[in-house]
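Using the hints provided, position chain R relative to the given structure of chain G.
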Amino acid sequence: MGQQKPFERPRHWVSLEELTPEYWSDAEIQARRAQEFYDKPIETLEKIEAMDKAGVSRRDFLTIMGASMAMASFACARRPVNKIIPYVVQPQELTPGVPLFYASTIKGFGCDGYGIVVRTREGRPIKIEGSEDHPMNAGALSAQAQASVLNLYDPERLKAPMKGSKGGSKSTTDWKDVDALVATALKAAKHVRIVSYPESGDSTRRAMKEFMGAFADAKWIEVDPVGMDEVAEGQKESYGTRIVPHYSFDKADVVVSFSADFLGTWGGPVENANLWSKTRKLEKPGDELSKLYVFESNLSTTGASADERFPIVPGTEVAVAMAVAHELIVNQKKGKFAGNADVEAALSGKAEEWLAKAGGLQKEKIKEVAEALWAAKGKSLVVGHGSEALQAVVSLLNSNLENDGKTIDGTANPLPYTPSLKALATLQSEMESGAVDVLIVHHSNPVHFLPNGNAFGEAMKKVKTVIAVNDRIDETANYADVVLAASHFLESWGDAHPKAFVYSLQQPTISPIHDTRSFEDILIGWTRAGVKSSGLLAQTASNPKGSAYDYVKEHWKQTLYPSYGKGQGFNDFWELTLQKGVLNAKIGSPRERSFRISSLKAAKDAVARMKNLSIGESKKGPATEGSGVALALYSTIQMGDGRYANAAWLQEMPDPITTVTWDNFLNVGPAFAKELELSTNDVVLLKGEDASFEIPVMVQPGIAKGAATIAVGYGRTAVGKVGNNVGLNAFKLAKFSGDGGLQLSGMLVSISKTGKKYELAATQGHNRTEGRPIVNDITIGEYKKNPHAAMETEPEVRLKKVPTLWTPPFDYSKEPYRWMMAIDLNTCTGCGACVIACQAENNIPVVGRDRVRQSREMQWMRIDRYYSGNEDNPQIVFQPMLCQHCENAPCETVCPVVATSHSPDGLNQMTYNRCVGTRYCQNNCPYKVRRFNFFDHWKDYKDTLNMVWNPDVTVRSRGIMEKCTFCIQRINAGKDHAKDKNRLVRDGEIKTACQQTCPVDGIVFGNVNDPTSRISQVIKSPRGFHALEILNTRPSITYLTKVRNVETENEEASDGHHS
Amino acid sequence: MATIANTHELMKPVDEALVTGGRTFQELTDDVARPLETFPTLRWWVCFIAAICAFFIGACCLLSTFQNGVGMWGLNQPVGWGNDVTTFVFWVGIGHAGTLISAILFLFRQKWRTGINRSAEAMTIFAVMTAGLMIMSHTGRVWLAAFWLFPYPNQRGLWPNFRSPLEWDVFAVSTYFTISVTFWYMGLIPDIATIRDRAKNKIRKIALTVASLGWRGSNKQWHHYEAAYLIFAGLSTPLVLSVHSVVSFDFAVSQLPGWHTTIFPPYFVAGAIFSGFAMVLTLLVIAREAFGLKHYITMDHLEKMNKIIMTTGLLVGYSYASEFFIAWYSGSVFERFCFINRAFGPYWWSYWTMVSCNVFIPQLFWFKRFRRSIPAMFIVSLFVNIGMYFERFVIIVTSLHRDFLPSSWAIYIPTWVEWGIFFGFIGFFFIFFLLFIRFLPAIAISEVRGVMDQPQKGASNV
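Line by line, the protein sequences are chains G and R. If you read the first sequence in our numbering, its first letter stands for residue 1, the second for the next number, and so on. If you read the second sequence in our numbering, its first letter stands for residue 10001, the second for the next number, and so on.
Possibly wrong hints are sitting among the right ones.
In silico contact screen, one side only, chain G against chain R (beta carbon under 7 Å); selected entries [unchecked claim]:
| # | residue |
| --- | --- |
| 1 | 893 |
| 2 | 924 |
| 3 | 934 |
The set of hints was computed from the structure by calculation and includes no laboratory data. Every residue, glycine too, gets a C-beta built ideally from N, C-alpha and C.
Here chain G stands alone, though its shape is the one from the complex (with noise of 0.2 Å):
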């Protein structure tokens, strides 16, 4: 800054201003140059509005007088004058109308880690794909993970940095004020702990690792409340390693699970189901189906998608475990811990007595599971989920069946699993007795999902400065003095190690919308500011512009690069590898691991602890020890642990089993529901060891007696507008220690009636296919017998032959596309990614539980759920419902304005702006897939909410029909490609937005006209048939049919054919 001259007075000049020092001022010349070069229009239009009218220059005179006349002749305009704007200087790459792609990765949503592609428009992201080249999801990804886009747009975001009172309000400040605050404190602090959600990226870990050795004694919790604790530590006890072990569902032909919902919500369901669908395809006949077994406590779409399901009490899953494993071992003497001593004594014991207290399960059906998993020796695979003491069975049985190193990989492939639930509570102790200087909270939400939370919340208050990083302020948040804005992952840096063999890079795709940071940045910032980090990131931290990018390439030239970059300069190696977003390493060849026999002594004792138990009563007072009600807490697949209680579209998901949205709510089985008198929609009392509430009853088949579930992840309090107060927050029943973690299964409550009745919001009433011919499921004996079988099951509702009165308009087999689906029901897992992948993908507004309450839920797709058989262990089949796309359309007759018709290429079309309203074609839809815009829903998008709008999709004003369209935005962005290269759209080369995101890859599109294509093979299969096809409306979706592998319907199965 150089010095003033002083100051002399002009010679000539033109106002008196000029006679003044302050004119001739730096400050005086940077603010008039400011004036004069206009770089940014919106901020000029933003001081023309905010200027003092007294003082109107020249140039806004003439601004305002040219748009007052042109908004003369808008006189009779409805809608305000909105402004837009061109670019003065238009971004590089981007041309307004074309898409941008970018390869990242995703963080959290029940996704961590996995590759994605992010469909950017005009600079913002609107649509995130997996991304194909990415090993562990291929392409796919779940509902959560499809509303991340919602949640960045948030409004209730922290738009930032906040500081105030633990507990108390807090009000807004800036980085600087925060980055002096957090420095004072760690500067001073020694005892430092961190405590943050599971975090997968190398380069964050090293951060922080990095940062903690600043401090004498820092320490760094993960914590995942629906994470993979038990795995781990039963994989430590058993094997060794503290590890969740890389499960091979492809290379299985026989799975067993206990309790483990593989295909929704445990472990990575992604990958589980898209490797276990590899095993469900009967592409041709003389194709084998894997075999399923599942014992659950709560019906999951795991335990739907079984080819058996056994519903057991909760709690009980380590003496089903006991029994196969006694069954196997010491009776049938198979395997090679057979004869061993020790392991009989472990499993000694009467197996009749740990079935009757699962709930009465048949000795012939362990005898069964036991023979058929032997019979897969080495190509099986067993998985559980309920208690530490579970895993060390899980894992005898799988080390048995010498699974170990061929179907389950715990050597090569998985890393060390570093959460920890249990380190809370010695943390909450170390809070209690004030040995911590500093907390650091990383969006994670303690007071939430431990059972009490409060007490948490209350120690925190003992700690000298507890600082949180979050986009909002939620339960745990509130109890931090300083509360930083994070990014969301799409607006940041970072990258992603979730195995051994794949590391993949997470870019951002746009630029934080808010004054956010994340959180590499934040610790840069704060070694910035005078915390001793090492390394790296002190490194980073020296240069002024340092961030988290250049730690993060950094980082990579440092570790990754050597191994994988040889032959290319580092520019060349991180831009390649950033465009593909994934660098798959070499997969390792497992080994097998020794078992280790003493991990067995928990199991033992837990199966004698049960003994004492007596499950099944219902008490008015509360559960007295040893007797109770057994209640199994899930999380579910669109809500998880409620981290994201905020996206409208998962609240208003329809749970794939009870279809309900918006609330949780007490499964309770038909059998016991009757004997307690309870019907749905029922307010009880619930009560557990140190919680009660007050909960609607879902009277929900396939769950046991004396048993009852709910879904966690609910009952949010600080989470925003959309999340607040929906449900319950079931946590609080949870047990909770620092030597048993979090246990969700197995607590004995009571539950008691109130007589108040709550409205469940329930997308599918009714249950039964009555009869009609909608689905259909057959067994794998019959299958083989005749793969027609599904055909002619009721000839009297199937067309054979169907005479026609239309001759169809086009004769399709002259045009060159034709689009049709196929949906195969045998591998669809009802996991609802293509429900929420639509709703992104087509702008399909939120309508909130009192109209879901009407039946009013604007969701194009849908996911039927039939049951069939015996109400208490029913059987599943799930059914993806969407627009037919019908050659003979009911609904294309009826309108009386043509806003509906038909396509050349198959499809039947909307046009929005042509439908009056007048609801004949929904009317007239067999399949109701059609949705009517009942009020302006999309006016809730509000703030930055409607920046996640697709803007090829139009937007529905109230009285427009609308529903599926093969997602023509895709069709036309792919034929105008195609068109631009002078030939024919390729086989897979346009994808709809449902069979993009479909884990199982269970839906296929394309143009049947193409002999090449897929879909024209599939549609020729012999499970294929068309939903209510006596109609004659020759829809152009084909469903094939779910072959379930039991050889016949037994009669626990089912009670008779499908009803």
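Chain R only, in chain G's frame:
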């Protein structure tokens, strides 16, 4: 009316005179015209204010629907039509009675129609107006539907969809309205002239002069009048059958179980006549009391109407039975379920209301005592109207709420906004009807003269 007088003699003598009390032409004119020339009574005002209030409530409800969206109603997926289309079909149906009386009974030379045809035809017109308003309001974007449902010239070659029954409705209802208005107005001209000649008030005289289109009652004019009347009657006759058949196609042409059935056109037409006559009865029982028109709208008139009500009621009852039989006979799981659901499902109460009101209660008219009892027939007519409203409700809502895929089954509960609109439209109808009987002759003076026993010496049309 020389021809009529001759044929009257040729016909078998009617047991009771059509005009009782030995009325003369002058007395006829005076009786009919007097209510128009005196200040309306308190009774009229009370009714009129009540109608205005009801309409006001309905207008507010309708406005809130236009402002906020169809979501103000109880409609959902799958029930896309509920009270709205029920109200539409109800009012359109009512209109058919008037045209039957005016046109068909004219062609069948049923002289007793002359006492009631003017009011009945007025009722038709106002009912069709109400129905038209309802059908426009039920759409999601009324401000566009009002234009796009009609084929208007444009440079894009854009036509509405002529395959759609709703489009046929547009033509049917608008045709029905135009023809009814023209027919009714044309028939009114001699009577307007009669009142014109009696008018003392200057404004009345001018207004009636304009309205009567210069009618002088010359022979030539009467000649033209008779010919035109016959032509209009001929034109209107097919409308009685076709309009409601077309309205029934809204349902029959769809493929929903419970809608997709060929019995609908005759069933709906019979039902329309049934409910229309009941409404005419309700209105006339009150009007003849209030205006002292008992000599012109005699017990015989009412009894004949009751006989028609009973006949059509039996037809409707037969249709109900036939639907059930065919549903069973078809063997279709969808059809069978639909009808069992109607009788025993969540809407069983609407079904049984419909059956008792439409089938059981009109059976009272087998007995002469009830046929000729004013209180009895008034109550029966009210019940018939309620029953016919429920019939449309049953057909529309019970078929929609549980159709093919059980996963989309839901319940429809009309909201208070819909009920407000329903009552508002009743108010709308009554506003016009009350204005009609205040300003225009409720009985066709010239036609009744034609069926009175003796022409008076020196009588003219005045």
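The hints, checked one at a time:
Below 7 Å, beta-carbon pairs count as interface contacts, and residue 893 of chain G has one with chain R at about 5 Å; its hint therefore holds. Here the hint on residue 924 of chain G is kept, as its CB sits about 5 Å from the closest CB of chain R, short of 7 Å. This hint holds: residue 934 of chain G has a C-beta 3 Å from the nearest C-beta of chain R, less than the 7 Å allowed.
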